[in-house]
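Use the sequences and the hints to build the structure in full.
Listed here are the chains, written in short residue letters.
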Amino acid sequence: MDAFLAFATVLMQPQLLALVALGTFAGIYIGAIPGLSVTMAVSILISFTFSWSVYPALALMVGIYMGGVYGGARTAILLNIPGAPSAIATALDGYPMAKRGEAGQAIGVSTVMSVIGGFVGIAVLAVAAPLVSDFALRFQPRDYMFLAVLGILLVGSLSTGSLVKGIFAGALGVAIGAVGRDPLTFTPRFTFDLSLLNGGISFIAVMIGMFGVSEALLQLHHVDKKAIRQKVGRIIPSWKVVRKHLPLSMQTSTIGVTIGALPGTGGDIAALMAYDHAKRVTKNPETPFGEGAMEGLVAPETANNAAVGGAFVPMMTLGIPGDAVTAIMIGALFIHGLNPGPMLMIDRPEMFWFIVGALTFANIFLLIFGLTGIRLFTKLVEMPRAVLISLILILSIVGAYAVNNAITDVYWMLGFGVLGYFMRHYGYPLGPVILGVILSRLLDDNWRRAIITAREDWGRFFDGVFSSPLSSVLLAAVVFIFLSHTPPWKWAKARLFASRIK
Amino acid sequence: MDPNFRGDTDHHDGTSDATPGGYSKQRRPGELVFTFFLLGASVVLLNEAFGISGFGKLSAPGTVPVVTAAIMVVCMLIVGAQTVRLPKVAGETLARDILPWRVLAFVAFLVAYALAVRPLGFLPTTALFLVFGIRLLGRGWVFSAGVGLGALICIWIVFRIVFTVLMPAGIVPEAELVQLIRNLFGGAR
Chain A
1 MDAFLAFATV LMQPQLLALV ALGTFAGIYI GAIPGLSVTM AVSILISFTF
51 SWSVYPALAL MVGIYMGGVY GGARTAILLN IPGAPSAIAT ALDGYPMAKR
101 GEAGQAIGVS TVMSVIGGFV GIAVLAVAAP LVSDFALRFQ PRDYMFLAVL
151 GILLVGSLST GSLVKGIFAG ALGVAIGAVG RDPLTFTPRF TFDLSLLNGG
201 ISFIAVMIGM FGVSEALLQL HHVDKKAIRQ KVGRIIPSWK VVRKHLPLSM
251 QTSTIGVTIG ALPGTGGDIA ALMAYDHAKR VTKNPETPFG EGAMEGLVAP
301 ETANNAAVGG AFVPMMTLGI PGDAVTAIMI GALFIHGLNP GPMLMIDRPE
351 MFWFIVGALT FANIFLLIFG LTGIRLFTKL VEMPRAVLIS LILILSIVGA
401 YAVNNAITDV YWMLGFGVLG YFMRHYGYPL GPVILGVILS RLLDDNWRRA
451 IITAREDWGR FFDGVFSSPL SSVLLAAVVF IFLSHTPPWK WAKARLFASR
501 IK
Chain B
1 MDPNFRGDTD HHDGTSDATP GGYSKQRRPG ELVFTFFLLG ASVVLLNEAF
51 GISGFGKLSA PGTVPVVTAA IMVVCMLIVG AQTVRLPKVA GETLARDILP
101 WRVLAFVAFL VAYALAVRPL GFLPTTALFL VFGIRLLGRG WVFSAGVGLG
151 ALICIWIVFR IVFTVLMPAG IVPEAELVQL IRNLFGGAR
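These protein sequence lines map, in sequence, to chains A and B.
FYI, in this note's numbering the residues of the first sequence are 1 to 502.
FYI, in this note's numbering the residues of the second sequence are 1 to 189.
Keep in mind that a hint or two might mislead.
As a list, the in silico DSS-like pairs of lysine-lysine whose alpha-carbon atoms are at most 30 angstroms apart [said to hold, decoys possible]:
#1 B:K88 to A:K490
#2 A:K279 to B:K88
#3 A:K283 to A:K244
#4 A:K493 to B:K25
#5 B:K88 to B:K25
Bear in mind the hints are in silico, worked out from the structure with no lab data behind them.
Below is the structure:
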C-alpha cells in the first residue's frame, strides 16, 4: 500500500504532475534539437534545482530523461540529423521513410514503440530492482569495486570505438574524482600543493564542461548546415502496423533494458545493438534496411526508451549508474543528501516508487506529446544554430557558477569543455569520464575496505574472490572484457565465424 | 557494426559514446600532439600520485591514485604507439576540421566572459557575449542585438527570479531592479 501511495505521489500532487509533464515536453524538444542533449540538460539542471526539494527536482529530471531519449527520433526522421545520440540508428531507416512521404507514419510508429519500450523498461525496473536490492545487501566491498570497474570498462567495450581510449577516459574520471583531500585520512591527493584544489573539482563543472561546452563547440562546425524539411501526414499509426511489429519490439525492448541495466551503458548503445539485432532476425523486410524498413525504426526506438528503466536498476539498487544521465542523477541525489544504493531502497523505498511513478507518467505524457504538436515542433527545431550555441554556452556558464557561486568552477568547466572537445574529435568516449568521476569515491572506499578486510594480503583477497560465486563472476567479466579485445581472441572469433559460414 | 560507422554522414566528431569520433585506421590532424599531451599529463599525474603516501600499505590513500595514473600512462603509451603508425587522413586540415576560427573565437569569448563577469556583472557581459556571438555566426547586427537582448531578458527572468540564481551584479544595480519588478507586479504598498 505504501509503495502504491508513493507510486501515485505524482498523480496526487498536481505540482509534481505538472513538472513531469513539463519535463517530458521540454525533453522531447531538448532531445530533438541537435546540439542539445539530455545529458547536457540534466547536468545543467542539477545546478538550478539543487535548492528545490528532492521530489520536484527528480520529477523534472525524469521527465526530461524520458522525453529526451525519444525526442531525437523526430529530427532523425524529418531532417536526417539525429537530435540525440540514442537516435543515430533511427535516422538510418526513418529518414528514407520520410523521403518516401511517410514521415507522419514514421513519427507515429516511433512514438508508440518508444512508449512500449518505455513501459517494458519501467516494468523490469519495478520488478527487478527490489530483488536486486535484496541481493545487493550480500555484496562485499570487493563486489562493488568490481562493479565500478565493470561500469567504467563497458562503454569502451560495447561502443564502436577503442577500448584502450575508453579505459583511459574512465581512469581520467577516477583521477578527477580523487582530486582533493582524502575523506578518510585527509591526505591531499593530486592537489599539486595548491590550496585551490584541496576541496576537489566540482563534478558539476566537469559534467557541464564535457557535455555542454564541448557539444556547443562541436556544433560550431555545422552552423551553415541547412536541413531539408519533409512533409508530415497522418501521425497516429494503425493498430495493424503496431501489432505486426509487437514481437520485434518485445525482443528489442529486452535488449534495451538489459543494455540499460548494465553499469555505464545507455540508450545510444542499446539502440545500435537493437538495430543490428533487427537486421539479423528480419529475414524478409518489406523494404530493405537502410532504405526505409519499418523494423529499422521499431528496433532502436523501443530499445532506447526501454534502456531508461533499465538504467535506473543499478542506480537505485547499487548506487552504480546505468548510463551517463543516471550518473548525473546520482550526483543530484548526493546533493539532496541521499545516498543511492541498497540502503536507500530499504530506508527510503518511497523514493524508489516515486521514481517508478514519475517514469510511468512521463511515458504516458510521451504518448500524448509525441502524437501531437508537430507544427510547433518543426518551427522550434529549426531555431538558428547561431542563437542555440550562444545560449547553450551562457546556460553552461550560469549552471557551473550557480552551485558554489565560484568563478573557479567556470574555469574548470571551460577547461574540461575544451578537453572534451578534443576527446570527441579523436575518438575518446566521454561517458566513462563522468562514470569515473561519480564512481571514484565508491571504488576507492570499497577497495580500501576490501583490502583491509583481507588484512592487506593479496592471497587472502583472492581467496575471498574465488570462494564467492558473485565476486568470481564479476572478476571474470572484467577479465573477459580485456581478453575480448586482444588479437588472439579476435583471431579465434574470426576463425569460428568463418567456419560457421562455410 | 562497422567501426567507422558514425551515424552521421558528414563528420567524425564523436556525436555519442556509442560512436566516438576519429577513425580507427587513420590519424586526424593534431591527433598525435593531443596523444602526447595526454601522455605527458598522465606522467605528471603518476609522479604526483607517487608522492601521496608511497607504497607502505595497500589501503593507503595513494594506492588508487597510483594505479589510476599508471593505467592512464599505459593506455596512452598504447594509443601513442598505435597513432604514430597510422597514416594521416587525406583531405582534413587542423584549421578546417579540428580548430576552425569560429571555435577559437568562441573559446576566446568564453575566457573573456569568465574574466569580465565579476567586474562588469552578469547582465552587460552576457549581453555582449550573446550579441557578438550571434553576430560572429553570420547573423546581421539587428538580428543579433534583437535576439541576443531578448534571450538575455528571458534568461535573467527565469534564472534570477524563478531559480533565484545569484550571478555577479557588477556595475548594474540588480537588487534595485529586482525590487522594482516586484513592486510593479506586487503593487507598491
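These are the hints, each one checked on the structure:
Restraint check: the Cα-Cα separation between B:K88 and A:K490 comes to about 26 angstroms, which is no more than 30 angstroms; the hinted pair holds. Taking the CA atoms of A:K279 and B:K88, the gap is near 33 angstroms; set against the 30 angstroms cutoff, the hint is violated. For the given pair, A:K283 sits about 15 angstroms from A:K244 by alpha-carbon distance, which is consistent with the 30 angstroms threshold. A distance of roughly 21 angstroms separates the Cα atoms of A:K493 and B:K25; the hinted pair therefore holds under the 30 angstroms criterion.
For the hint linking B:K88 to B:K25, the alpha-carbon distance of about 9 angstroms falls within 30 angstroms, and the restraint holds.
In summary, the structure is inconsistent with hint 2 from the numbered list given earlier, while agreeing with all the others.
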